[in-house]
Every structure is written in C-alpha cells, then in structure tokens.
Amino acid sequence: MLNRLRREYREQFVDNNRLERISLLAKVDFSKRYYDNNLGILWALLNPLFRFVVYYFAFTYIFENRIPSFALYLFCGLITWMFFAQGSKKGITILKRKKYLIENIQFNQIDLFIAAILAGLYGYAFNFSAYFVVSMLYGTPIYLTLLWLPVILLNLVVLTMGMSMLLATINIYLRDINHLWDMVVLAGFWLTPIIYDKSITMEVVPILQYINPVAGIVINLRETSLYGNAPYMHLLIYDWAFAIIIYAIGSMAYRKYAHMAVEKL
Amino acid sequence: MKNKSQEILSREVVIKLENISKTFVMSEKSSIRERVFSLFVGHKKRKLHALKNVEMEIRKGEFIGVIGRNGSGKSTLLKIVMGAIPPDKGGKVTTHGRIIRLSLGMGFDPNLSARENIYVNASILGLTFKDINEKFDEIIDFAELHDFIETKVKFFSRGMRSRLGFAIAVHAEADIFLMDEFFGGVGDANFKKKSVKVFQQAFVEGRTIIHVSHQLNTIEKYCDRVLVLHKGEVVALGKPDEVIPIYEEVLGKTQNKKLKKTTT
Numbered sequence: 001m002l003n004r005l006r007r008e009y010r011e012q013f014v015d016n017n018r019l020e021r022i023s024l025l026a027k028v029d030f031s032k033r034y035y036d037n038n039l040g041i042l043w044a045l046l047n048p049l050f051r052f053v054v055y056y057f058a059f060t061y062i063f064e065n066r067i068p069s070f071a072l073y074l075f076c077g078l079i080t081w082m083f084f085a086q087g088s089k090k091g092i093t094i095l096k097r098k099k100y101l102i103e104n105i106q107f108n109q110i111d112l113f114i115a116a117i118l119a120g121l122y123g124y125a126f127n128f129s130a131y132f133v134v135s136m137l138y139g140t141p142i143y144l145t146l147l148w149l150p151v152i153l154l155n156l157v158v159l160t161m162g163m164s165m166l167l168a169t170i171n172i173y174l175r176d177i178n179h180l181w182d183m184v185v186l187a188g189f190w191l192t193p194i195i196y197d198k199s200i201t202m203e204v205v206p207i208l209q210y211i212n213p214v215a216g217i218v219i220n221l222r223e224t225s226l227y228g229n230a231p232y233m234h235l236l237i238y239d240w241a242f243a244i245i246i247y248a249i250g251s252m253a254y255r256k257y258a259h260m261a262v263e264k265l
Numbered sequence: 001m002k003n004k005s006q007e008i009l010s011r012e013v014v015i016k017l018e019n020i021s022k023t024f025v026m027s028e029k030s031s032i033r034e035r036v037f038s039l040f041v042g043h044k045k046r047k048l049h050a051l052k053n054v055e056m057e058i059r060k061g062e063f064i065g066v067i068g069r070n071g072s073g074k075s076t077l078l079k080i081v082m083g084a085i086p087p088d089k090g091g092k093v094t095t096h097g098r099i100i101r102l103s104l105g106m107g108f109d110p111n112l113s114a115r116e117n118i119y120v121n122a123s124i125l126g127l128t129f130k131d132i133n134e135k136f137d138e139i140i141d142f143a144e145l146h147d148f149i150e151t152k153v154k155f156f157s158r159g160m161r162s163r164l165g166f167a168i169a170v171h172a173e174a175d176i177f178l179m180d181e182f183f184g185g186v187g188d189a190n191f192k193k194k195s196v197k198v199f200q201q202a203f204v205e206g207r208t209i210i211h212v213s214h215q216l217n218t219i220e221k222y223c224d225r226v227l228v229l230h231k232g233e234v235v236a237l238g239k240p241d242e243v244i245p246i247y248e249e250v251l252g253k254t255q256n257k258k259l260k261k262t263t264t
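Line by line, the protein sequences are chains A and B.
Take 1 as the starting number for the first sequence in our numbering and just add one per residue.
Take 1 as the starting number for the second sequence in our numbering and just add one per residue.
Just so you know, these hints were derived from the structure itself, not from any lab.
Bear in mind that the values here come from a model prediction, so they are computed numbers and not experimental data.
Keep in mind that a hint or two might mislead.
Said to hold, decoys possible - Think about it this way: if two alpha-carbon atoms lie no more than 20 Å apart in a straight line, the pair counts; the simulated SDA-like pairs of lysine to any residue are:
#1 K92/B with N37/A
#2 K99/A with R98/B
#3 K221/B with K253/B
#4 K52/B with S5/B
#5 K256/A with G83/B
#6 K154/B with K264/A
#7 K264/A with K239/B
#8 K231/B with V204/B
#9 K264/A with G238/B
#10 K264/A with K89/B
#11 K239/B with G83/B
#12 K89/B with A253/A
#13 K264/A with V25/B
#14 K99/A with I246/A
#15 K99/A with G126/B
#16 K99/A with I114/A
#17 K96/A with S27/B
#18 K96/A with R175/A
#19 K154/B with R97/A
#20 K264/A with L48/B
#21 K27/A with T151/B
#22 K152/B with S213/B
#23 K239/B with Q6/B
#24 K89/B with R255/A
#25 K256/A with K130/B
#26 K264/A with G71/B
#27 K264/A with E249/B
#28 K130/B with N37/A
#29 K130/B with E263/A
#30 K52/B with V25/B
#31 K96/A with S213/B
#32 K92/B with V262/A
#33 K32/A with P110/B
#34 K27/A with K92/B
#35 K92/B with E103/A
#36 K32/A with S27/B
#37 K152/B with L19/A
#38 K92/B with Y100/A
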C-alpha cells in the first residue's frame, strides 16, 4: 500500500518537472503582483499591516474591547482571513488569466491552482512569521501546542484550494460569481471572530462557526499559538470535514467542466 | 518525393480525429430587463456550426496544410486538436506527444520578461530547469532577441513575439506544432530562412506540423497533404497540387456569389 503510494507520488511529481513547474508558476505569480510597484514585495506586508492599524485603532479607541493582547489577536485573525479571501478570489479568475497558456500548450491545469495557493502561502508565511516574532516579543512562550499548527494550516490550505477550484468552475458558466463572492467575503469577514471575541461565535451564536469554517480555523490557530491550549476538537474535526467535502466537490466539478473554460471565458 | 509519402504510411498515427463536429452556442447581448427575465426563462441563443464531421489521421512527421475562407472552421479545428475546446458529443480526438499551438499574439504573459516567458512556456511543455538553462542561449539566438532578454513582452512587436514563440516551440522540442496563420507576413528574410530549415527538417526529426494559412505558396511548397475546409465541412484532402485548384474554385464561387449580391 505504502509502496504504491510512493510510486504514485514519484510518477506524479518526481519523474517529471512538475514540482519545478509549480514552484516557477508560484514564483512568477507572487512576484508579478508587486512587479511594477516601487515598493515591490514590501506591499505583501504593508497591505495587511495597514488594515491591521485601521482595525486596531477603530476597535481600541472607537469601540472598546476587553480582549487581552488585542493586537496579536487581531493580526492572527486578519492575515488568516486574508489568505483565504485572496486565495479564493484569485481562484475565480485564474482560468481566464491563464488562458494564454491553456489555449496553447497541453498540461495539467491543476498545477495552476496549486501554484496560486503556493504564491498565497509565501505571503502568508511572511506575515505569520511577523506575527510569531512580535508575539515572542510580547512574551508569549513557545508552547508545545504549536505542534498542532501544521494540522490547522493544512486544513486552511485544503479548504482554500477546494474553494478556488469550485469557484473557478462556477465562473465558467456564471460570471456573476465574481460579484457574489465579494459579498460572501465581506460577510465572512464579520462572521469570523477577527475583531471581536471568540465567545460570540462559540457561545452567543454558535451556528456562525458552522456556516463559516474559517472561524474555527482562526479560533484554533489562536488557541494553539497564543494561549497554549489544545485546539477545540469539535471545531477541528468539523472544519477538516468541511474542507474535505469542499475539496471533493471542487475537484469533481473542475474535472467535469474545466474543458469548457477556453470556449466560454 | 514518392519515397517520403511511402515512408509516412509506415509511421505511427499521432493525431486521430473521429467524427469531429463543433457547435458553438452563443448567447446574445441583452438589456437588464431581458437579463433578469431570462433568469427564469433562459437566454436567447444562437447556434453556429463551426465544424461538421471531420475525419482525419495524421502520421508522425507529416506537414499538413489547412486552407479555407475566413470562418470556415480552421482555427476551431486547431483548438480541438490542442484539446483547448472539446468537440461535440460523439467526436473523439486522440493525440500522441507534446503539442504547442502558435498563433499571433499568443502564449505570453505581457507583463513578464522574455526570459520569464521562456521559462514558463518551456516548463509547461515539460522541460526541466536544467534543460531550459542549456537551451536558453539557443532560443535567444534563434529568436534574435539578444537585446531584449529582460524586456517585458508587452513592449514587443508582433514579429518579435512570433519569433520568440517559434524559437521556444522549436527548442523545447514540441512534437506537434499547430500554426495558426503564424507567418502572416512577419519575420525578415533571415528569420524566414531559419523557419524554412525547421520545416524541411521536420520530417526527419519526426515533428508533425499542421499549418493554417492563406499563403498558398507556402502551403504548396512544404505541405504533404492539404485539407480544404468550407463552412465547417471538409471539401478536399490530398496533395497540394490536386487540392489547391479545388480551393480556388470554392473561393471563386463564393466571390462570384458576393459579386452578384452587390450588383443586384
């Protein structure tokens, strides 16, 4: 069984240039966004930082909150949400943007999605390490529960990947999804405990965290990295299940309808 | 010449088209009121039959010409062979080898430099970075773009772009070239010489080429077989000297019709 998996993996990734290709596409994708700007790659940090400052002031001085170390709390939630929002948003238009490749060369187009997620991960990793450094400066110890991080982050990646495939497929037939998704992202931002306390989604309106899987991911990220608690198991399991289902639907829909992309877009 | 056509028959089939038809369904632009209304009733749609029952087998190393008037389905045929668009139900396309489609203004991200575009395209064609590093200088030499390696492709002229595309396709050793009116008057004499060389060696190197063009002299000179399309249907398929007169007849007929229409 294990041998078969290993062989499969080799055929898929090692015995060809697929890994190289994905990393190249990701690199190009990542750097292109900041190419023409004078500040270049700094924007990857400046954009969330600026949002952070705005929300921080608004929710410290205009609306008060009683969340301890609010800055870290906010930043962790914000960058995680932005990774999901931007990743899924980019997924919608990816086939159109890469039409020039799809139209002219035969290749496995899933690579485009993997590369886009990878490019988003570069920025997220950048921000996440900033969060980590600052949290250490604040005096947060290095908890053993950090070992949960890969499990939670992978959950986020699977969810974002599945979502972008699903949205890309929908966009082939329903161009309105672009605008619709903007609204979903806006609503999702406020339905995720980013700027308010997690008790609101966990106790006051618990259904929120089941509608929106990112809520649970954000909560568990904070529990493990900021407070040293084990993740909430029911959220972890629910969010994984949610992510896997979205991924399954997304990749199935994509496989079935992606061949219409060039004709329709 | 006879040898060549006999040898072709012994080679493997690399492109097989079975019962290929293509119908495009186009929804018409409509007002907001109609759009909201159509949510419930469905769009107003128009059908266009771009291809009808095309059957063809192409063997390794063949140089196939495709001619026909505008809108006869030539480009659609190439896109279907590419796999970029699917044929109607019942049709089947089988291909062997790496395919690249070359058309004017194609295949590049305008915001990336020539270097980056070479890497992206070649990598997608299946080359490793090591291979690309080795071939990079040859590609630049062939495309004659020494001074523009780091220039963004959006500043390139049509000629420069097509030179770059052709250079990549040749050096990345794509097995099947689909050329969509690719040399529509671009390229100076020097570059033309190089591309002619590629065409002449194609057979020896087992490179299959489908060339859509309006330039009958190129078609006549290099093609082993020529496909004539008219309104999506295959009118003729055969040796250039046999088929080109048929094409000219088709061309003449439609032009005569047009003339009659304008006179009446």
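Check each numbered hint from earlier against the structure, then list the numbers of those it violates in ascending order. 1, 3, 4, 6, 7, 8, 9, 11, 14, 22, 25, 27, 28, 29, 31, 34, 36, 37 and 38
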